[in-house]
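> Residue numbers (numbering that gives the first Met the number 0), protein chains in the order written: chain A, 0 to 388; chain B, 0 to 243; chain C, 0 to 277.
Just so you know, the hints here were simulated from the structure itself, not pulled from any lab data. One or more of the hints may lead you astray.
In silico lysine-lysine, BS3-like type, Cα no more than 27 Å apart, as pairs [what the hints assert, rightly or not]: (1) A/K342 x C/K69; (2) C/K108 x A/K259; (3) B/K48 x C/K218; (4) C/K218 x B/K86; (5) C/K108 x A/K342; (6) C/K274 x C/K138; (7) B/K48 x C/K138; (8) B/K169 x B/K213; (9) B/K183 x B/K210; (10) A/K259 x A/K272; (11) C/K139 x A/K342; (12) C/K274 x C/K247.
Anything over 12 Å on all C-beta distances counts as not near chain B; from chain C, calculated [to be verified]: (13) G72; (14) E83; (15) D89; (16) N91; (17) Q118; (18) E126; (19) K139; (20) E154; (21) L176; (22) I216; (23) L238; (24) S243; (25) I249; (26) R253; (27) V254; (28) L257.
Glycine included, every Cβ here is placed at the ideal spot set by N, Cα and C.
Chain residues, written in single-letter form:
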Amino acid sequence: MIEIAPFTGYVYPNETIIPWSVMIVIYPYLTGLVAGAFTVSSFYHVFGMQRFKPVARLALLTSLSVMLFVPTPLLLHLGHPERAMNSMLTPHLTSAFAMFGFFAAFYTVLLVMEVWFVFRADNVARALSSTGLKRFFYRAVTLWSDDLSPRARAIDANWLLTLAIVGIPSAHGLHGYIGFVYGSLKARMWWESDLMPVIFLFSAIVSGMALLMVLYVVTCRWRRVEIDQACLKGMMAALWGFLMFTVVLEGLEFANMVYKGKEGIDVIMEYVKGPLFIRYFVLQFGLGAIVPILTMSIMMARGTKGRALVIGSTFCALLVLMNVLLMRWNVVIGGQEISKTGKGILTYVLPFWGRESFVSAAALTLAPMGLLWILTRLFPPWVERPLAR
Amino acid sequence: MPKYIVRLLLILIAGSLLAYAAKVHFTDPSFYRFGHYRADAVTEIAGLKPVIQGAGQCLKCHEKREQDWAAGSHRTVQCEVCHGMGKTGHPDDGVSLVPKDTIRLCTMCHAAMPSRPARQPQIVVGEHPFAGEEKSQCISCHDPHMPGGGEADAGQPPTGPGAVPAVVSKCAKCHGSMGEGHKKNPALAGRPAGELADRLNKYRSGDISNKIMKKYASALSDEEIRQLAEYYAALPAPRPRIDP
Amino acid sequence: MKTEDNKTGRRNFLRTSGAALAGLGAVVGGTLLGEAVAGTDKGNNPESSSPVPGYDWKKHRWAYGIDATKCIGCLRCVKACKEENDVARDANHFRTWVERYVYLEGEEKPLVDSQADPQNIAAAGTEADYRFDNRYKDKKVTKSFFIPKMCNHCEHPACVQVCPVGATFKSEDGVVLIDHEYCIGCRYCIQACPYGARLFIEDMGVSDKCTWCYHRITKGLQPACVEVCPTHTRVFGDLNDASSPVSKFIRENRVQVLKPESGNAPMCFYVGLDKDVS
Numbered sequence: 000m001i002e003i004a005p006f007t008g009y010v011y012p013n014e015t016i017i018p019w020s021v022m023i024v025i026y027p028y029l030t031g032l033v034a035g036a037f038t039v040s041s042f043y044h045v046f047g048m049q050r051f052k053p054v055a056r057l058a059l060l061t062s063l064s065v066m067l068f069v070p071t072p073l074l075l076h077l078g079h080p081e082r083a084m085n086s087m088l089t090p091h092l093t094s095a096f097a098m099f100g101f102f103a104a105f106y107t108v109l110l111v112m113e114v115w116f117v118f119r120a121d122n123v124a125r126a127l128s129s130t131g132l133k134r135f136f137y138r139a140v141t142l143w144s145d146d147l148s149p150r151a152r153a154i155d156a157n158w159l160l161t162l163a164i165v166g167i168p169s170a171h172g173l174h175g176y177i178g179f180v181y182g183s184l185k186a187r188m189w190w191e192s193d194l195m196p197v198i199f200l201f202s203a204i205v206s207g208m209a210l211l212m213v214l215y216v217v218t219c220r221w222r223r224v225e226i227d228q229a230c231l232k233g234m235m236a237a238l239w240g241f242l243m244f245t246v247v248l249e250g251l252e253f254a255n256m257v258y259k260g261k262e263g264i265d266v267i268m269e270y271v272k273g274p275l276f277i278r279y280f281v282l283q284f285g286l287g288a289i290v291p292i293l294t295m296s297i298m299m300a301r302g303t304k305g306r307a308l309v310i311g312s313t314f315c316a317l318l319v320l321m322n323v324l325l326m327r328w329n330v331v332i333g334g335q336e337i338s339k340t341g342k343g344i345l346t347y348v349l350p351f352w353g354r355e356s357f358v359s360a361a362a363l364t365l366a367p368m369g370l371l372w373i374l375t376r377l378f379p380p381w382v383e384r385p386l387a388r
Numbered sequence: 000m001p002k003y004i005v006r007l008l009l010i011l012i013a014g015s016l017l018a019y020a021a022k023v024h025f026t027d028p029s030f031y032r033f034g035h036y037r038a039d040a041v042t043e044i045a046g047l048k049p050v051i052q053g054a055g056q057c058l059k060c061h062e063k064r065e066q067d068w069a070a071g072s073h074r075t076v077q078c079e080v081c082h083g084m085g086k087t088g089h090p091d092d093g094v095s096l097v098p099k100d101t102i103r104l105c106t107m108c109h110a111a112m113p114s115r116p117a118r119q120p121q122i123v124v125g126e127h128p129f130a131g132e133e134k135s136q137c138i139s140c141h142d143p144h145m146p147g148g149g150e151a152d153a154g155q156p157p158t159g160p161g162a163v164p165a166v167v168s169k170c171a172k173c174h175g176s177m178g179e180g181h182k183k184n185p186a187l188a189g190r191p192a193g194e195l196a197d198r199l200n201k202y203r204s205g206d207i208s209n210k211i212m213k214k215y216a217s218a219l220s221d222e223e224i225r226q227l228a229e230y231y232a233a234l235p236a237p238r239p240r241i242d243p
Numbered sequence: 000m001k002t003e004d005n006k007t008g009r010r011n012f013l014r015t016s017g018a019a020l021a022g023l024g025a026v027v028g029g030t031l032l033g034e035a036v037a038g039t040d041k042g043n044n045p046e047s048s049s050p051v052p053g054y055d056w057k058k059h060r061w062a063y064g065i066d067a068t069k070c071i072g073c074l075r076c077v078k079a080c081k082e083e084n085d086v087a088r089d090a091n092h093f094r095t096w097v098e099r100y101v102y103l104e105g106e107e108k109p110l111v112d113s114q115a116d117p118q119n120i121a122a123a124g125t126e127a128d129y130r131f132d133n134r135y136k137d138k139k140v141t142k143s144f145f146i147p148k149m150c151n152h153c154e155h156p157a158c159v160q161v162c163p164v165g166a167t168f169k170s171e172d173g174v175v176l177i178d179h180e181y182c183i184g185c186r187y188c189i190q191a192c193p194y195g196a197r198l199f200i201e202d203m204g205v206s207d208k209c210t211w212c213y214h215r216i217t218k219g220l221q222p223a224c225v226e227v228c229p230t231h232t233r234v235f236g237d238l239n240d241a242s243s244p245v246s247k248f249i250r251e252n253r254v255q256v257l258k259p260e261s262g263n264a265p266m267c268f269y270v271g272l273d274k275d276v277s
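Extracted from the complex, chain A is given alone in its bound form (with noise of 0.2 Å):
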């Protein structure tokens, strides 16, 4: 079932179609959220800062659940996913796309690597206390090793701290080249824009953290846990002032372009004003950034506590969640609507059901939730029960 975009004033003929659908949204989405994640995680295990411990591991699974569902959209889009290696087998290097694969390919075995050493203590413990399948799963996990002298350990925090440190500009190197997709397409003046990589890394930043926020406080209740205050306040804080970054460079380029007036800025500022004013202003900037931004200005001005505190983080960090997810829908779709004639408007239908659909797209949102409740009952991240003496 094609979907054929309609359209006002005059589009190309073969613009009718829209070539990156829902999931291209999607894609840099979950990316994002990997590259969050382990940005999170690396506030621990790369700069030391003890208040993050708590979410530290939670964050490394969060990153690795993800990440094992983000070639899933690629596939679903590609006309040809059979043929997927291609761009491995034989990259074609002027191209951004082509880096994928290896980015991918390294960033996947880097943070499989990183977590296996960082649940290694804790794996050989349970293989050396449990019985049949799970005592063979656990040795296998450990390679058959048991090894747990001061030296191995010593081993084991060098090659963590070289993953951690070699895992951050692979993380965002990872998302950091869509943004460079979309920032160097000279067709689409929306996307055309220097800043682009910058947006994307620093809004995938934002989006981790909301996230692992948001999975922190669900965890902890869960498990009836008590929060740690100190782990949340902080992860607010750092929320809200990359958030404010995030703000700053997504008004700058939007600036730029007005500022500058470029040939097509006409059909521009009426698809702004027009179709895209609730979805950017309103919902995107709005709703998804001032709002959360002044929540947590005053939780922090007013030193908010406790209860309220857990609660108004976790009503931002969802806000955000939303904003990010905006973003790449305002970006992604929002440039194949305004057609490269610079005379014409289309509006992308979004299908409920089917490959590039809706569902296929909240069902990729949503399942590597499912993988990370799995990891996390394999190997448990929670530092109140610890398992390794």
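Given chain A, work out where chains B and C should sit, using these hints.
Chains B and C only, in chain A's frame:
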């Protein structure tokens, strides 16, 4: 080095080697030959069979078209434009390629539109002579293979008085670029000048009743009638007309 | 002891099967590596310097000319292209198309439509054959014209640059082609083209576009659109041949290209562009 580190490194190395070997095995052999693409792709694309045949192919069987279509102003209109573009089954499939709705076909190019360049012959269908009359198609008056008409076909006669009357294009529309006549419209070429002038006068005065010719003749001055008569008299008489 | 025997037994089993797997892996890996070391087969006609038999692509440099002052908007080119290249017979997939620009009295901006416009499709009565409707016949039109469009086969094609796998490329004779057997259908090239020349074939899962009828020009024929154009609007030929129609076209006219600021250096040269043509 602890055993688990060794095993970890072995897994990584084995994986890398396997990946490299897979790359070599699965890469298409003709890739990189001329550039970053499969050289065989060029061969495959170039090997596709053409569909549009062009007039040369049609003229092999329809030789007589050489004499009318190939010499007239529609010689830039390929056969397949009007006769079944892409109908590669012809002639074996026995399907006739003669278009039925010529009004729809001809107005594709000749319907008057503000966007069309002025030099393109254009008509407003509703105002065109006989349009809307029963069973009236364009080909009732116009020979599609040799439409005549238009400045392009107000051609230079091989012999003649030299000066071509300016109004001749109006006559040529129906009587052919060389006065050879079309279907119901009689030939003018080679007829005695006196006879032609006489008839034109009689059309103008209404002595011979003919709605179309009255319209055209009434627009002519005496001098123009004289010029036209001499012009057409000097043209070579037409050969017998060709039927498809 | 039983547990000890079980343990030893299991250990032996694991050891043996592990060794067997490693051995198998070594054999497979060794074979593949051996292939790599031995060098690869170069595919068909490894010795030939031209991939098309009987045609030397190094001798030609194809280019295209469009004299938009002559276009009558009959759309025979669009129909011929669809028949020749089996393009989807609907209103959303075109390798070439024609745009109509109309300035009404008192208006500075033109009204633009193409044969794909729903009103024109309705006038044509079908999505498989095309004609412009006559919606301006009773309006005061001060200026109006047609502009045919297609892939410009640029010298620095943005589409080729962004293809992640090498499925689209510029041939030695100057034609930008798409390898339908290799394309993965990511549609990055469709985004990158500033001219909207590229389309996606959903049934085949690959990108597509005008090929200047490569399968015809390598046999000495004209592209289908050039063949059927009744007014000499479309001109094609070899820039290496000074007497070819396109060489003369470029020499004898002031020619322009679409969106020169894109940096793509198109090879379709226009006479008769206008200020509002985008």
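> Holds or violated: are the alpha carbons of C/K274 and C/K138 at most 27 Å from each other?
holds (22 Å)
> Mind verifying the non-interface call on C/E154? Its CB should be farther than 12 Å from each CB in chain B.
Correct as stated: the minimum Cβ-Cβ distance to chain B is 15 Å, above 12 Å.
> Tell me if the straight-line CA distance from C/K218 to B/K86 falls inside 27 Å.
holds (21 Å)
> Verify that the Cβ of C/Q118 lies farther than 12 Å from every Cβ atom of chain B, and report whether the claim holds or is violated.
holds (14 Å)
> Is the hinted pair A/K259 and A/K272 satisfied, with a Cα-Cα distance of at most 27 Å?
This hinted pair holds, its Cα atoms lying about 18 Å apart.
> Against chain B, does C/G72 keep a CB gap of more than 12 Å to every residue?
violated (6 Å)
> Just want to verify: C/D89 was marked as not at the interface with chain B; is every Cβ pair farther apart than 12 Å?
holds (16 Å)
> Is the hinted pair B/K169 and B/K213 satisfied, with a Cα-Cα distance of at most 27 Å?
holds (13 Å)
> Does C/V254 sit more than 12 Å from chain B, CB to CB?
C/V254 clear of chain B: closest Cβ-Cβ about 18 Å, beyond 12 Å.
> Measuring Cβ to Cβ, find out whether C/E126 lies farther than 12 Å from everything in chain B.
C/E126 is indeed farther than 12 Å from all Cβ atoms of chain B, at 16 Å.
> If we take the beta carbon of C/R253, is the closest beta carbon in chain B still more than 12 Å away?
At roughly 18 Å from the nearest Cβ of chain B, C/R253 sits farther out than 12 Å, so the non-interface label holds.
> CA of B/K48 to CA of C/K218, is that 27 Å or under?
holds (10 Å)
Hints 7, 13, 14, 19, 21, 22, counting from the list given before, are not met by this structure.
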